[in-house]
Amino acid sequence: MDYSQLTLLEQAVLTLSALIMLTSFLLLAQSRIVSLINTFATQGFFLFLGTCLIAQSSGRYHLYITAVITLVLKVFFIPWLLRRLVRKLDIRGDVENVGGPSLIMIAGGALVLFSYYVALPIRELSTLATRNTIAISLAVILLGMLMMITRRKAVAQVVGFMSMENGLFFAAVVSTYGMPMVVELGVAFDVLVAAILFGIFFFQIRAGIGSLDVDHLNRLHEVDR
Amino acid sequence: MIALYATLLIPLIAAGVFAVIGHWKHAGTLNIVVCAATFATSLQLAVNIFNAGAMITPGGMFYIDPFNVYLILVNALVGLTTSIFSRPYMAHELKIGRVDNGRMRLYHSMFQGFLLTMLIALSTNNLGILWVSVEGATLATVLLVSLYRTPESIEAGWKYFILCGVGIAQALFGTVLVYFAAENAVPGEGSLLWSVLQEHADQLEPTVLLLAFVFLLVGYGTKIGLVPLHNWLPDAHSEGPTPMSAILSGLLLNIALYAVVRYKMLIEPALNNHLPSYMMMGFGMLSFSVAGILLHRQRDVKRMFSYSSIEHMGLMTFAFGLGGPLATFGALLHMIVHSLTKSAIFITVGHAAHIAGTQTITEIRGLIRTQPTVGWTFLLGTVAIAGFPPFGVFTSEFLLFTATMKSFPWLVVPLLVGLAVAFAGLFRHVQPMVFGEPPEGQLPVKANMLPIIFHLVIVLWLGISIPQVLANWLDQATIMIVGKGIL
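Residue numbers (the working numbering), protein chains in the order written: chain W, 1 to 225; chain R, 226 to 712.
FYI, nobody ran anything at the bench for these hints, they're computed from the structure. Values in this document were obtained by computation on a predicted structure and should not be read as measured data. Relax, there's no trap hidden among the hints.
Below 35 Å or equal to it, Euclidean Cα-Cα: the simulated DSBU-like pairs (lysine-lysine) are:
{"no.": "1", "chain 1": "R", "residue 1": "Lys-320", "chain 2": "W", "residue 2": "Lys-88"}
{"no.": "2", "chain 1": "R", "residue 1": "Lys-671", "chain 2": "R", "residue 2": "Lys-384"}
{"no.": "3", "chain 1": "W", "residue 1": "Lys-153", "chain 2": "R", "residue 2": "Lys-384"}
{"no.": "4", "chain 1": "R", "residue 1": "Lys-384", "chain 2": "W", "residue 2": "Lys-88"}
{"no.": "5", "chain 1": "R", "residue 1": "Lys-384", "chain 2": "R", "residue 2": "Lys-320"}
Below, a sample of chain W positions facing chain R; criterion: calculated Cβ distance under 7 Å:
{"no.": "6", "residue": "Leu-168"}
{"no.": "7", "residue": "Ser-175"}
{"no.": "8", "residue": "Val-193"}
{"no.": "9", "residue": "Gln-204"}
{"no.": "10", "residue": "Ile-205"}
{"no.": "11", "residue": "Gly-208"}
{"no.": "12", "residue": "Arg-219"}
{"no.": "13", "residue": "Leu-220"}
Even for Gly, the Cβ is constructed at its ideal location relative to N, Cα and C.
Take the sequences, apply the hints, and build the full model.
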């Protein structure tokens with residue numbers, strides 16, 4: 001693809017999708033909880049900008065509603081909720097040592113390559129410049145999963161989970177200009193409820209095992225020992 | 226039409242009302258009344274569909290056909306019988322202080338919320354809403370799994386939340402891909418509607434659809450409890466309150482399987498190959514075999530029966546993957562008999578756990594002497610789920626094996642071995658629980674056995690003779706799924 005043939009708006013969308021993936025990598029490596037939440041909010045903001053640009057360049061103005069939902073939910077509400085929980089649980093200063101950071105980064109890079117490989121048949125079908133970003137959205141989903149696997153703190157796992165949601169959302173926007181409105185609202189509602197439930201769970205876990213380290217959740221086994 | 230809206234509105238309103246008055250001392254009774262009303266309206270809905278054929282609401286929001294309406298009916302029925310059991314059970318839990326008023330509100334509200342999300346998942350025409358409501362079912366039950374706030378139940382709840390959340394996210398990606406594939410063939414907003422997509426199935430883009438099916442199978446498969454994505458299931462089913470275990474095992478797994486089957490109906494005709502079928506058969510067979518073996522090594526009685534659920538869901542996934550009228554008919558029948566039997570067993574296990582004061586298998590002894598009704602139903606339920614004649618599980622498994630014999634004869638061997646292994650695993654644990662020497666001072670509890678007996682009688686009836694009405698009905702569903710019936 002010759003990038004100079006694209007309109008300025010489309011080039012901006014591509015840049016933003018690169019930035020979204022970059023924030024995913026930042027999330028993987030970030031060890032301080034507060035900066036983790038800030039990075040997540042940044043990712044949400046890029047998502048918001050990207051959605052607005054796609055809405056503008058494609059003329060599908062209902063995407064603006066979607067973008068506003070993202071802004072409210074992913075940039076303001078969820079980070080606010082997480083920051084509040086972190087303050088209440090008094091874990092602001094927590095630093096989590098991410099085990100084997102270079103290995104995780106290599107794994108992340110491999111996942112991106114894998115996503116491009118998987119998305120190949122889709123890209124060949126694409127009629128739109130922005131559709132090549134579907135591989136990036138898949139990569140963001142997989143990087144979120146990788147983050148959930150490598151982290152031990154419950155808060156970090158939740159950030160990984162929400163960043164997966166970002167990837168899904170981005171996939172819907174770049175591949176099909178968003179889902180139908182009713183589905184979009186339903187998904188946003190689910191994410192909202194999930195965020196609140198996660199908050200409740202933090203307190204339950206803390207009360208139950210005295211720590212937010214999910215390594216301590218190890219009482220149930222597949223078979224009896 | 227009115228019956229459909231009533232079926233959805235009743236639990237919706239009830240969930241809201243119970244959030245306020247769920248701790249009222251007659252809330253359990255009200256819960257039964259609400260479930261009975263839902264059951265009545267869904268029965269009316271089923272009769273309408275049976276007489277008039279598939280129905281679609283104006284605007285295309287809901288689509289009811291013979292396939293989903295019978296699941297709606299099973300849903301409402303099991304919801305009703307579980308609510309009858311739940312009233313004395315939760316009263317007992319409140320009395321011994323395992324839950325307080327706030328949690329009773331949560332429990333009753335989410336009980337209805339859970340039934341609501343499942344009913345929406347079954348009746349919706351929009352594949353996106355299907356996803357939203359399956360995820361909604363997770364959200365509704367996740368706090369109920371951790372209701373007792375013990376470290377184990379919190380761990381189970383967290384695992385359930387994270388694993389199902391991540392799994393179901395894959396299904397959303399699959400849904401996006403289906404939408405993408407449909408966008409060119411079907412213009413406009415209709416391209417996520419089941420009724421529209423089905424008409425255009427042959428114009429959809431095959432490569433994208435195959436990719437979508439992989440994501441969908443992994444996503445909804447997590448929810449079905451297919452091995453190796455099953456890790457959350459035994460924990461979630463064993464740590465929550467027993468009425469929840471009954472509806473999780475009996476109903477939720479069916480919904481996820483329903484979603485997969487719907488997508489298979491849509492995707493396979495577009496592909497010109499049978500990869501989706503083979504994937505379902507593989508996953509199904511793996512789950513069936515592994516769960517049967519894991520059954521042997523359990524200490525908790527509810528965990529043991531959760532593995533039995535994985536085993537049966539594996540069998541059904543295998544059957545739907547096998548395709549063909551006979552296997553599909555058998556799988557549909559198996560969905561009903563498994564739901565009824567498994568919820569009956571969980572209810573009995575709840576009573577047994579109250580008698581013994583624990584869920585540990587080695588400490589539950591001599592049920593048949595302490596309380597013969599519980600002991601006998603426990604034994605009969607286990608006999609039924611293990612697939613003995615004359616119960617309905619035998620009939621459906623027999624149909625299934627006959628179908629397997631025709632298309633893949635060599636696969637009958639692992640299936641039979643798996644059944645034998647699971648049977649041995651169940652009976653080695655259940656026999657001492659029922660016939661063993663009861664500990665000193667073990668007393669009977671107040672138990673309402675009517676729901677269980679009702680379930681087992683239906684299962685027995687289906688095993689001896691399937692009523693003509695139901696047979697026709699399942700045949701209609703089979704024709705929908707594979708294009709050919711067996712009658």
